[in-house]
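**Q** Below, each chain spelled out in residue letters.
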Amino acid sequence: MSSYVILGALALGLIYGILSLGIYISFRILNIPDMTVDGSFVTGAAISAVVTTHYSLILVIPLAFLGGCLAGSITAFLHIKLKIQLLLSGILTLSALYSVNIRIMEGKPNIPVLQQTTIFELWGSAESQQSTSIAVLGVLLAVMFCLLCFFLNTKLGLSLRATGNNEQMARALGVDTNMTKWLGLAISNGFVALSGAVLVQYQSFADISMGTGVIVTGLASVIIGEVILSGSTIFRGLLAVVLGSVAYRYIIAGAIQIGMPPTDLKLMSSLIVIIALSMSLLHSGGIRGRRRRSGLGRNGTDFTPPQ
Amino acid sequence: MLEVRKLKKIFAKKSFNEKIALANIDLHLGSGEFVTVVGGNGSGKSTLFNCIAGVETPDEGRIVLDGRDITYLAEHQRAVYIGRVFQDPLKGTAYDMTIEENLSLAYSKGGRRGLSRAITKADIRKFQERLSTLNLDLEKRLKQKVGLLSGGQRQALTLLMATLVKPKLLLLDEHTAALDPSTAKLVMSLTAKVVNEENISTIMITHNLRDALEFGSRTVMLSSGRITMDIHERERQLVTTDKLFEQLEQ
Ligand SMILES: Nc1ncnc2c1ncn2[C@@H]1O[C@H](COP(=O)(O)OP(=O)(O)O)[C@@H](O)[C@H]1O
Ligand SMILES: [Mg+2]
Numbered sequence: 110m111s112s113y114v115i116l117g118a119l120a121l122g123l124i125y126g127i128l129s130l131g132i133y134i135s136f137r138i139l140n141i142p143d144m145t146v147d148g149s150f151v152t153g154a155a156i157s158a159v160v161t162t163h164y165s166l167i168l169v170i171p172l173a174f175l176g177g178c179l180a181g182s183i184t185a186f187l188h189i190k191l192k193i194q195l196l197l198s199g200i201l202t203l204s205a206l207y208s209v210n211i212r213i214m215e216g217k218p219n220i221p222v223l224q225q226t227t228i229f230e231l232w233g234s235a236e237s238q239q240s241t242s243i244a245v246l247g248v249l250l251a252v253m254f255c256l257l258c259f260f261l262n263t264k265l266g267l268s269l270r271a272t273g274n275n276e277q278m279a280r281a282l283g284v285d286t287n288m289t290k291w292l293g294l295a296i297s298n299g300f301v302a303l304s305g306a307v308l309v310q311y312q313s314f315a316d317i318s319m320g321t322g323v324i325v326t327g328l329a330s331v332i333i334g335e336v337i338l339s340g341s342t343i344f345r346g347l348l349a350v351v352l353g354s355v356a357y358r359y360i361i362a363g364a365i366q367i368g369m370p371p372t373d374l375k376l377m378s379s380l381i382v383i384i385a386l387s388m389s390l391l392h393s394g395g396i397r398g399r400r401r402r403s404g405l406g407r408n409g410t411d412f413t414p415p416q
Numbered sequence: 037m038l039e040v041r042k043l044k045k046i047f048a049k050k051s052f053n054e055k056i057a058l059a060n061i062d063l064h065l066g067s068g069e070f071v072t073v074v075g076g077n078g079s080g081k082s083t084l085f086n087c088i089a090g091v092e093t094p095d096e097g098r099i100v101l102d103g104r105d106i107t108y109l110a111e112h113q114r115a116v117y118i119g120r121v122f123q124d125p126l127k128g129t130a131y132d133m134t135i136e137e138n139l140s141l142a143y144s145k146g147g148r149r150g151l152s153r154a155i156t157k158a159d160i161r162k163f164q165e166r167l168s169t170l171n172l173d174l175e176k177r178l179k180q181k182v183g184l185l186s187g188g189q190r191q192a193l194t195l196l197m198a199t200l201v202k203p204k205l206l207l208l209d210e211h212t213a214a215l216d217p218s219t220a221k222l223v224m225s226l227t228a229k230v231v232n233e234e235n236i237s238t239i240m241i242t243h244n245l246r247d248a249l250e251f252g253s254r255t256v257m258l259s260s261g262r263i264t265m266d267i268h269e270r271e272r273q274l275v276t277t278d279k280l281f282e283q284l285e286q
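Residue numbers (our numbering), protein chains in the order written: chain S, 110 to 416; chain Z, 37 to 286.
Bear in mind the hints are in silico, worked out from the structure with no lab data behind them.
You may find that some hints are simply not true.
[What the hints assert, rightly or not] Subject to a maximum C-alpha distance of 30 Å in a straight line, what follows is the list of computed DSSO-like cross-link-like pairs (lysine-lysine):
#1 Z:K279 - S:K192
#2 Z:K176 - Z:K202
#3 Z:K162 - Z:K55
#4 Z:K50 - S:K264
#5 Z:K162 - S:K264
#6 S:K264 - Z:K49
#7 Z:K279 - Z:K44
#8 S:K264 - Z:K181
#9 Z:K179 - Z:K202
#10 Z:K221 - Z:K157
#11 S:K192 - Z:K157
#12 Z:K229 - Z:K181
#13 Z:K279 - S:K264
#14 Z:K229 - S:K190
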């Protein structure tokens, strides 16, 4: 592999690391499958492209994050207030976001941001472009990582984790689980949108279809991370996710190097997730074994509507 | 202290499966009183608890706790005043979180759950002190996940969590039924200890008739959603488990 490929994979690993942290919040911490992310990723991307083109670059990160929070809040509203199944709530939001995202992108299915300065071009010269990018990405990911790690160890963060772990207990201890679920879905999608926004800055264009399947990408990263580093603390858990995201990019880069067509990527991502999930099923004592530990449905209650 | 007035709960109302779980319950509990509840399967014991705790909304009647009408108060809001221990040891704790994190969740009851550090040094001292009263050596395992504990240890921890911030009312729903006899005995003696020391108003559902007559000062029997027996101190001392069993069978 050339150094260009190696650094390129690292950069993508860091960008998608933010996405994977977001997906970790919904799938692992809240223990619920959120489909919104495929749409909120593009919302972040669209905001990023438009804000860079028309407004100030400084606004990209906060606005993209807020846009994602809003998308997650809509799913939370459908699920919590209108009592629509979570999976369906996510799909409804995802579908609606397609139109919203096109509107944000001023009716165009893609926007190039080649003429404008991106967050990566604020520092460094043209020659050192890629290493500068990686430094900027590293700092951004580190900041988001620390914020999330701090948050999950606060009283509020603990309530959020308890909600995913044992909702009945959380409520019995006075946690407003509707609020914590909403908060979790909002933050999760905020991370995802931020990831999309940064990707636009990195690749200099936004495309309406760039979100397709990011949910599987994020899941694959989370699962690969758990194989690399077993997390007994929140810090280790989050670190595993980031390592998983980078490792995932190298697996892809390797596969492409040995001749896999890039269009097979999504097939490969799905296969990674399927294999990993079936492995955890085997580890937990077979298909009829303890459901609590098997893959995603750690409580065995994932797909039930709210009471 | 606790007043349950004319409480009625019907499941699957107006359907073929309609089930009157609570027909007309009147129950008054004095401050610091410890009541045991017995009754056959499906007699409405858990439903009564669920209505008091806010898991279920009653169809009729009122629930007043310490002068405040809580009939329609959200579950998490009234949880501040009510401690609960369930039959299933898995239900009362978060398995993927550590002992100290579980305790911190319980310790935040009634306080703000904001962006302050979940566990401070002072909290840890407090947790160790309270855990040591269980005599299960859990005070040395604060950073271990609760999923690693045995059922009895988890149930003892749940009991501690339910009383860490003193509740106005403690609800125990067959909380020793899933444990082996010696562990059940241990958890029962821990229960009696904390309830007596802290003088907590308590209702305990149990299938163990000996426990029902031994603990607390009053025993209530439920049958088909009605209270069919309510015996106090002296009256209760004259009742044997055999007599109670006979009464249950009727
Ligand atoms: N969520 C529910 N939906 C329908 N019926 C219920 C529900 N919960 C309890 N019941 C019914 O109400 C009756 C009382 O149940 P419960 O209070 O759990 O009894 P106990 O705890 O005394 O064994 C039972 O007939 C039970 O089948
Ligand atoms: Mg019951």
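**Q** Determine for every hint whether it applies to the structure shown.
**A** How the hints compare with the structure:
1. For the given pair, K279 of chain Z sits about 49 Å from K192 of chain S by alpha-carbon distance, which is inconsistent with the 30 Å threshold.
2. With a C-alpha separation of about 24 Å, the suggested pairing of K176 of chain Z with K202 of chain Z holds against the 30 Å cut-off.
3. Taking the CA atoms of K162 of chain Z and K55 of chain Z, the gap is near 46 Å; set against the 30 Å cutoff, the hint is violated.
4. Between K50 of chain Z and K264 of chain S the CA atoms are separated by roughly 44 Å; this puts the pair beyond 30 Å, and the hint is violated.
5. Proximity of K162 of chain Z to K264 of chain S is assessed by CA-CA distance (about 17 Å); at most 30 Å being required, the pair is judged to hold.
6. For the hint linking K264 of chain S to K49 of chain Z, the alpha-carbon distance of about 40 Å lies beyond 30 Å, and the restraint is violated.
7. Taken as a hint, the K279 of chain Z and K44 of chain Z pair is honoured in the structure, with Cα atoms around 29 Å apart against an allowance of 30 Å.
8. Our distance criterion of 30 Å between C-alpha atoms is met by K264 of chain S and K181 of chain Z, whose separation comes to about 18 Å.
9. Proposed proximity of K179 of chain Z and K202 of chain Z is supported: the alpha carbons are some 24 Å apart, at most 30 Å.
10. Under the criterion of a C-alpha separation no larger than 30 Å, the hint pairing K221 of chain Z with K157 of chain Z is inconsistent with the structure, at around 33 Å.
11. Between K192 of chain S and K157 of chain Z the alpha-carbon distance is near 41 Å, which puts this suggested pair outside the 30 Å criterion.
12. Straight-line distance between C-alpha atoms of K229 of chain Z and K181 of chain Z comes to about 26 Å, which keeps the hinted pair within the 30 Å bound.
13. Proposed proximity of K279 of chain Z and K264 of chain S is contradicted: the alpha carbons are some 50 Å apart, above 30 Å.
14. With a C-alpha separation of about 43 Å, the suggested pairing of K229 of chain Z with K190 of chain S is violated against the 30 Å cut-off.
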